[in-house]
Amino acid sequence: MNTELLSWGQIIARILQQFLPVWIALIITFTVSIRYKRKLGLYGKLFDSPVGMVGFLLVMFWVFTAIFADFIITLDPIAQFGRVKNPLPGTPLVDPKDGQYAYFLLGGDHLARDVFSRVVMGARRVLTIAPAATTFAFIMGATLGLPAGYFGGKLDTVLSFLANLVLAFPVILLFYLLVTPEIRNTGIPVVLAAVLFIFPVIFFCTLFNSRFFTNPPKRNLYVGITLVIGLWAYFGLAFNLDPLGVWSMDPNLLNVFVSVVFVNSPTVFRIVRGIVMDLKARDYVAAGQTRGESAWYIMLWEILPNARGPLIVDFCLRIGYTTILLGTLGFFGLGVSPESPDWGSTIDDGRKLLSLYLHPAITPALALMSLVLGLNLLADGLREESLKD
Amino acid sequence: MLKFVARRLGVMVLTALALTFVVFYLTNLPPNLEKLARTEGSVRMTDQAVADWIVGNGHGGSVFGRYAEWIGIAPGWTLTDEKGVTRGRCIAAGSDPAAAPNYCGVLQGEWGFSTVFKKPVLESVLQKLGSTGWLMMWVMIVMVPVSLIMGVLSGMREGSRLDRSLSIIAIATTATPEYVSGVILVAIFASATAGISPILNEWGWISGRTLFLGTATSAMDGITFWNFALPVLTIALYGIGYIARMTRASMTEVMTQQYIRTARLKGVRFRDVVLKHALRNALIAPFTVIMLQFPWLLNGVVITEALFNYKGFGWTLVQAAGNNDIDLLLGCSVVAVLVVLVTQLISDIGYVFLNPRIRLA
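Residue numbers (the numbering used here), protein chains in the order written: chain A, 1 to 389; chain B, 1 to 361.
Some hints could be false.
Below, simulated BS3-like cross-link-like pairs (lysine-lysine); rule was C-alpha separation at most 27 Å, straight line [to be verified]:
1. B:311 to B:119
2. A:352 to B:311
3. B:311 to A:154
Here are the computed distance ranges between Cβ atoms for each label pair [unchecked claim]:
4. A:182 to B:55: 13 to 21 Å
5. B:31 to A:165: 54 to 62 Å
6. B:129 to A:13: 50 to 58 Å
7. B:51 to A:235: 28 to 36 Å
Honestly, the hints are just simulated from the structure, not real lab data. Beta carbons are placed, not taken as given, at the ideal position from N, Cα and C, and that holds for glycine.
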């Protein structure tokens, strides 16, 4: 039996080798993007800014890692291998089966699970929840922020008060109150989900209706498709009532998801509201009003597209922030199953033995940091390039 | 001005009531009360006994009524059981029911009894707040000057190499939440096997095994640089980047103003322009940001105290939430909500005071 530890050079070489699909995908993405960057609008301009490029590289590294996670992992991320706790990086498995990867590349945790595979699998989990939750928060923030900024008055006062109410809540307290196993029995997450998840349906129905209401057949087609797909997904996700079983969400995950959307949307609301208040004095809005366009048409088809610059930048920042929030939840062991390889709970598991074994905590910590750093740099690059117009 | 403050105070009270009600509602949900009944009574209680315990201890009835009792604007509950013993919210065990006050809520200073620490909530919350106060003080002492200097230095010459490098550092610190920076700092400075401590030890530069201590439990008795540097640094790092970026934005805006150009054209030295003309105006916006940063610091405090095992306010909140200690959790929430709202008020009023362009009737 092989008992020799791998050297750091060997470990790094093997890790680079495991990430091969990611390298190939990255090279293809960058070659194509740089080749055609003049034809790709804002995305293409990103490649003029070194900061933006580094950010994009980091983000895409984790995106491709999440996509190809199944090929990258060396061992089953939730299985335990052997009885030795916290094996050091490069430790060989005690008695590997045929075809099984023979080493803990970045060591193992206190249950002798492979740290490397867990971090890679964690990327997939983080990169599915964070962008999805951010998108929901944005749709909700936009649906409420547009009328609040455009109409002002009582509506604005009430909505702003509610938004400030949520913002004044210490996030950590809200998480401790909302993401507990007991609260699932009370149905509060389902009620919240029912409220939050209806907003995309409303948003897209209004979006198509305000544009195509002069052309009923086309309008009926678009709104109809939105309603069928939207409500199908809505009942599946919020109430777990999908007859076909395509849309469903684990109750734990629903709880986490709803809380994260809930915490994020008031900030988006405030941003959208501020931008609308700024833009509604523009000439093209006055032109639209003179033409007799409906208020929702002006908001959704005139103001919103013109607000895209700051919104895209904030979207990138917010995905990073959501990643941090998800990590916080995991760190306090809220709303995640103990087996789940997400980064926050892995850091939490690892920190208890930090003075003795560093590797179980430091790997996911660096992973989380690099992803959020990438998103922030990307946002910075986008902001700089969009200001150059 | 007075009218402005009065209106802000009115909104603040309304917000405080709404927030505390939400917390009260969420902590007094039926499953939490059932869990409380089983921990206070016995684990093997029947469902009927649990329901009786809940009603018998004043947790029955409408949530609005109980909230009013808890706040102290409705008379506390009293119950007389079949043995003729009268118990109630305001009646201490063994005392005369007739002598007890009618109202005893948060407003009267009765914050309830902590089931985890076995002492009155107000006492334990105040004591822990003291510990956290020290932590916050040192965080502020480190964070505010560093971030302001960083922001002013990078904002005074936009696009310079200094600006670029400081901006990257600022972005990096905002990308590093406390639970990540804490782990990394411990790895670098407080691990006996990795980082710089073993090297320093070998060279004989430090007498102990590690440069800093990885836990802050001993800081409860006496704060030293050795045991307190890492927690303070952990919280401060996350805020530094954000405040620095805000200062930078405000500084770059000020530097493009006409009066700065005029001063430059008059021949004032660049250093004097920055220090005498730009700085005061550039620091208005960061003041607001620093004040609004408090709610975030609260977040950081909870994580850091859990990470470094420093028994302060954040640690108490985690204990209360984890052990279903309803009264303690409510007490912590009241403090947290108050901190957030008061800092918002200070930032609003301070902004008006600092900015001569805003005049409220």
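Given the hint that residue 311 of chain B pairs with residue 154 of chain A, test it: the Cα-Cα distance must not exceed 27 Å. violated (45 Å)
Checking one constraint from the list: CA of residue 311 of chain B to CA of residue 119 of chain B, max 27 Å. Satisfied? This hinted pair holds, its Cα atoms lying about 16 Å apart.
Does residue 352 of chain A pair with residue 311 of chain B here, judged by a C-alpha cut-off of 27 Å? holds (16 Å)
Just to be sure I understand the hint, the distance between the Cβ atoms of residue 129 of chain B and residue 13 of chain A should be within 50 to 58 Å; is that true here? Taking Cβ atoms as reference, residue 129 of chain B and residue 13 of chain A lie about 52 Å apart, which means the hint holds.
Please test the hint of 54 to 62 Å on the beta carbon pair from residue 31 of chain B and residue 165 of chain A. Since the Cβ atoms of residue 31 of chain B and residue 165 of chain A sit about 24 Å apart, the hinted range of 54 to 62 Å is violated.
Does the beta carbon distance between residue 51 of chain B and residue 235 of chain A stay inside 28 to 36 Å, or does it fall outside? holds (34 Å)
If I claimed the Cβ atoms of residue 182 of chain A and residue 55 of chain B lie 13 to 21 Å apart, would that claim hold in this structure? For residue 182 of chain A and residue 55 of chain B the Cβ distance comes to about 20 Å; the hint holds.
Hints 3 and 5, counting from the list given before, are not met by this structure.
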